[in-house]
Amino acid sequence: MPQVKTVEAKIVHLEGFTVKILNADGADVRSDRQLPAQFDQHTNRAAGSMTVAGWKRVRFSPQFPGFSVAVLLGNGTRASGGKQLATVRNSYK
Numbered sequence: 122m123p124q125v126k127t128v129e130a131k132i133v134h135l136e137g138f139t140v141k142i143l144n145a146d147g148a149d150v151r152s153d154r155q156l157p158a159q160f161d162q163h164t165n166r167a168a169g170s171m172t173v174a175g176w177k178r179v180r181f182s183p184q185f186p187g188f189s190v191a192v193l194l195g196n197g198t199r200a201s202g203g204k205q206l207a208t209v210r211n212s213y214k
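Under this note's numbering, the first residue of the sequence shown is numbered 122, with each subsequent residue one higher.
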């Protein structure tokens with residue numbers, strides 16, 4: 122079973138933005154905690170037109186039930202659910 126920090130790194134590599142994996146109640150999860158799955162169901166990054174909320178619903182939640190995730194902008198703040206992934210990715214440039 123992979124550690125949180127490994128899954129977070131895989132998401133950065135594939136999707137082009139940073140995430141913070143959280144417990145369902147929104148509390149931080151230790152980076153060395155084991156997760157039930159890898160982030161490996163997808164080989165291509167999500168479309169830039171997809172929203173943060175859509176990405177969480179389609180890509181993250183099915184693989185990691187019982188966990189939540191914060192998508193971070195380039196300045197480290199959380200991206201809102203309605204923000205498009207292209208905007209999130211551009212914030213890192």
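Source of the hints: derived by calculation from the structure; they are not laboratory data. These figures come from a predicted structure and were not determined experimentally. There may be inaccurate statements among the hints.
As the list claims (entries may be wrong) - Pairs of lysine-lysine residues, derived as BS3-like cross-links and limited to a Cα-Cα distance of at most 30 Å, are as follows:
no. : residue 1 : residue 2
1   : K177      : K141
2   : K141      : K214
3   : K177      : K131
Hint-by-hint comparison with the structure:
no.: 1; hint: K177 x K141; verdict: holds (12 Å)
no.: 2; hint: K141 x K214; verdict: holds (20 Å)
no.: 3; hint: K177 x K131; verdict: holds (15 Å)
Comparing the model with each earlier hint shows no violations; every hint is respected.
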